[in-house]
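There are 2 protein chains.
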Amino acid sequence: MENFKGYISLIENTLARQDFDQEPIELYQPISYILSLGGKRLRPAMVLAGCDLFEGNLDDALLPSLAIEMFHNFSLVHDDIMDDARLRRGKKTIHEKWNTNVAILAGDAMLVKSYQYLNQVDKSILAKVYEIFSKTALEVCEGQQYDMNFESLSSVSEEDYLEMIRLKTAVLLGAALQIGALIGKASSSQAVALYNFGVDAGLAFQVQDDLLDAFGDPEKFGKKVGGDILQDKKTLLMIYAREFAPVELAALQKENLVGDAKVKAFQKFFIECGAETKAIAKREELLKSALNALASADAKNDKVKTQLTNFAQWLSHRDH
Amino acid sequence: MENFKGYISLIENTLARQDFDQEPIELYQPISYILSLGGKRLRPAMVLAGCDLFEGNLDDALLPSLAIEMFHNFSLVHDDIMDDARLRRGKKTIHEKWNTNVAILAGDAMLVKSYQYLNQVDKSILAKVYEIFSKTALEVCEGQQYDMNFESLSSVSEEDYLEMIRLKTAVLLGAALQIGALIGKASSSQAVALYNFGVDAGLAFQVQDDLLDAFGDPEKFGKKVGGDILQDKKTLLMIYAREFAPVELAALQKENLVGDAKVKAFQKFFIECGAETKAIAKREELLKSALNALASADAKNDKVKTQLTNFAQWLSHRDH
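Quick mapping for you: the protein sequence lines, in order, are chains C and P.
For the first sequence, my numbering assigns the number 63 to the initial residue and increments by one for each residue that follows.
For the second sequence, my numbering assigns the number 63 to the initial residue and increments by one for each residue that follows.
Careful: at least some of the hints might be erroneous.
Which copy? The list can't say, so a pair holds if one copy fits it or any two copies do.
Pairs of lysine to any residue residues, derived as SDA-like cross-links and limited to a Cα-Cα distance of at most 20 Å, are as follows [claimed, not checked]:
no.: 1; residue 1: K197; residue 2: I87
no.: 2; residue 1: K367; residue 2: F331
no.: 3; residue 1: K316; residue 2: E225
no.: 4; residue 1: K197; residue 2: N181
no.: 5; residue 1: K197; residue 2: F82
no.: 6; residue 1: K197; residue 2: E88
no.: 7; residue 1: K154; residue 2: S351
no.: 8; residue 1: K159; residue 2: K326
no.: 9; residue 1: K153; residue 2: G101
no.: 10; residue 1: K197; residue 2: E85
no.: 11; residue 1: K159; residue 2: N211
no.: 12; residue 1: K197; residue 2: P86
no.: 13; residue 1: K197; residue 2: S94
no.: 14; residue 1: K190; residue 2: L125
no.: 15; residue 1: K197; residue 2: Q80
no.: 16; residue 1: K154; residue 2: L99
no.: 17; residue 1: K190; residue 2: V254
no.: 18; residue 1: K324; residue 2: V309
no.: 19; residue 1: K197; residue 2: D83
no.: 20; residue 1: K153; residue 2: L314
no.: 21; residue 1: K197; residue 2: K282
no.: 22; residue 1: K367; residue 2: A189
no.: 23; residue 1: K362; residue 2: F212
Note that these hints are calculated values from the structure, not bench results.
Using the sequences and the hints given, assemble the complete structure.
Next up, the structure:
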């Protein structure tokens with residue numbers, strides 16, 4: 063993300079100035095720990111980009127950008143408990159390093175702290191910003207619930223799947239941009255256009271996630287390719303495969319293949335039945351919709367517009 | 063709580079008008095469930111009382127009062143997971159009725175919803191109200207952490223214990239009153255005086271809780287008297303006993319008594335060593351301090367002032 067280096071370094075500097083060295087240390091140490099594990103800081107960068115796009119003062123967007131980053135990390139901490147994940151960014155999750163109670167309470171405190179960072183925006187937009195943020199936060203909870211629900215369903219529709227990833231992932235990108243735009247004094251409708259850009263780009267990002275997991279280049283991907291296939295996850299590829307070739311899919315599933323043989327067989331099947339082609343088409347449709355929304359935001363700063371265009375392209379076509 | 067019947071019925075009516083019948087039901091049903099279990103609604107009543115004390119419009123305080131009730135219930139849901147509590151208000155806790163993941167996520171959504179209810183206050187006080195609420199919410203998390211920390215300590219000082227109960231319980235009563243006062247257009251210093259009233263009354267309430275658990279009338283108390291004694295909890299009585307008669311306390315603990323014999327022996331010991339007297343004195347000191355703070359708030363509405371005085375008396379002297 064060459065484009066956003068400047069934003070990300072501003073965010074890292076602001077984060078480094080925050081004091082999490084507070085009492086009780088059992089509560090604040092885990093917060094400091096999870097934030098120190100890094101991550102790409104893409105979501106807070108979106109707050110700065112949204113502000114910059116309308117030539118707002120980036121200083122005004124710094125603490126609100128931490129609200130988005132803090133919220134994102136809160137959701138990871140609690141999701142990791144629910145998913146019983148052992149690692150996050152290659153290090154132990156909070157509930158593994160400490161215990162579940164510590165992770166619950168640290169997450170709660172992070173959610174509250176995200177609201178504290180948000181309280182720094184100008185009073186003229188405070189109610190609106192809180193409204194967007196709380197609506198989004200609730201949607202992220204709903205998305206996590208749908209995701210958990212899907213595990214026990216035998217099949218999921220394309221529509222339900224896209225709605226789940228919209229809630230769980232995409233709306234936070236949209237809200238980050240919308241809040242940034244409002245801080246940058248964009249009009250309400252310009253900020254909504256930017257929200258739509260973020261949501262569609264976020265959806266394209268998630269579709270590409272499914273594609274990468276199945277077809278990524280093992281040398282670039284960083285994770286083991288085929289993880290979703292091995293876990294029988296209901297990805298978009300699986301949903302399309304069930305739609306296009308239900309009989310063949312059922313037959314393939316009955317073979318009870320394991321390991322690389324299973325991954326290879328499903329890769330071949332996803333390609334042959336047209337699921338891969340359809341997922342790519344869906345991704346491109348979402349990317350196009352995102353770029354249309356960006357254009358309709360009628361923003362001032364062409365340089366940032368180009369950055370956001372490149373960013374959406376990267377989200378949709380990244381190889382890792 | 064005869065005094066507050068009007069407030070409580072307003073709160074129940076407002077709560078009944080909220081729609082928790084939303085999708086995904088796996089997320090919203092537990093929220094609806096826990097709110098339907100009742101409770102005294104004392105905390106939201108404090109928002110209305112704070113507003114009424116300054117002759118503000120109670121309608122403006124209704125949704126913000128739900129913010130306090132929703133937050134309180136959020137903290138119960140997550141604390142119940144951490145304490146592995148099976149029952150809440152005589153019914154199954156959420157993590158018992160569903161599971162831990164449901165309870166974590168429902169709690170998260172409740173915390174967000176509490177902020178949504180708060181967003182209804184007038185824009186002129188919104189930033190201040192959010193500041194008070196978030197500070198308080200973080201303190202409640204800190205109080206819960208201290209409470210958990212105390213379990214693994216061999217002894218706790220009076221100062222640390224009072225600080226723990228201040229954070230875990232008292233500040234929320236204070237914040238409810240302070241926010242209500244601001245909605246009722248009290249001055250900033252009047253609202254702070256009311257906060258101090260709430261905090262000291264809340265502390266007195268918790269001290270009385272310790273006294274009731276050890277010395278309550280079994281017929282009125284509702285719970286089994288002596289629960290804290292049987293669990294060797296570090297209550298204020300135990301802290302004073304350790305201060306006044308450490309050698310005798312150690313000797314009594316070495317006897318390894320169980321059941322009623324243990325309860326009776328500790329009751330006798332708490333009285334003889336002066337721990338009960340000191341706890342009563344502490345409670346009365348806190349009550350006096352609360353009433354002084356109320357007087358200094360210089361409020362308009364004498365009827366509500368009397369109600370709040372009676373309320374603080376009831377919190378400190380209740381028998382159940």
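- Item | Same-copy or cross-copy closeness of K153 to L314 [CA-CA at most 20 Å] | neither (36 Å within a copy, 47 Å between copies)
- Tell me, please, which holds for K197 and D83 at an alpha-carbon limit of 20 Å: within, between, both or neither? The answer is between: 17 Å across copies meets 20 Å, while 31 Å in one copy does not.
- Query: Taking 20 Å as the upper bound on the Cα-Cα distance, should K362 and F212 be classified as within, between, both, or neither?
  - Reply: The answer is neither: 42 Å in one copy and 57 Å across copies each exceed 20 Å.
- 20 Å Cα threshold - placement of F331 relative to K367: neither (39 Å within a copy, 75 Å between copies)
- Within, between, both or neither: K197, K282 at alpha-carbon 20 Å: neither (36 Å within a copy, 44 Å between copies)
- Between the shortest in-copy and the shortest cross-copy C-alpha distance, which are at most 20 Å for K197 and S94: within, between, both, or neither? between (26 Å within a copy, 18 Å between copies)
- Message: As a check of your reading, is K197 near I87 (CA-CA no more than 20 Å) within one copy, between copies, both or neither?
- Response: between (31 Å within a copy, 17 Å between copies)
- Alpha-carbon proximity context of K190 and V254, limit 20 Å: Close inside one copy (12 Å), not across copies (27 Å); limit 20 Å.
- Same-copy or cross-copy closeness of K324 to V309 [CA-CA at most 20 Å]: Cα proximity of K324 and V309: one copy only (17 Å, versus 70 Å across).
- Message: Regarding K153 and G101, is the shortest C-alpha distance of 20 Å or less found within a copy, between copies, in both, or in neither?
- Response: within (12 Å within a copy, 42 Å between copies)
- Message: When Cα atoms must be at most 20 Å apart, do K316 and E225 count as within-copy, between-copy, both, or neither?
- Response: neither (29 Å within a copy, 62 Å between copies)
- Message: For K197 and E85, with the copy left unspecified, which applies at a CA distance of at most 20 Å: within, between, both, or neither?
- Response: Cα proximity of K197 and E85: across copies only (14 Å, versus 31 Å in one copy).
Hint check: violations occur at hints 2, 3, 7, 8, 20, 21, 22, 23; the rest are consistent with the structure.
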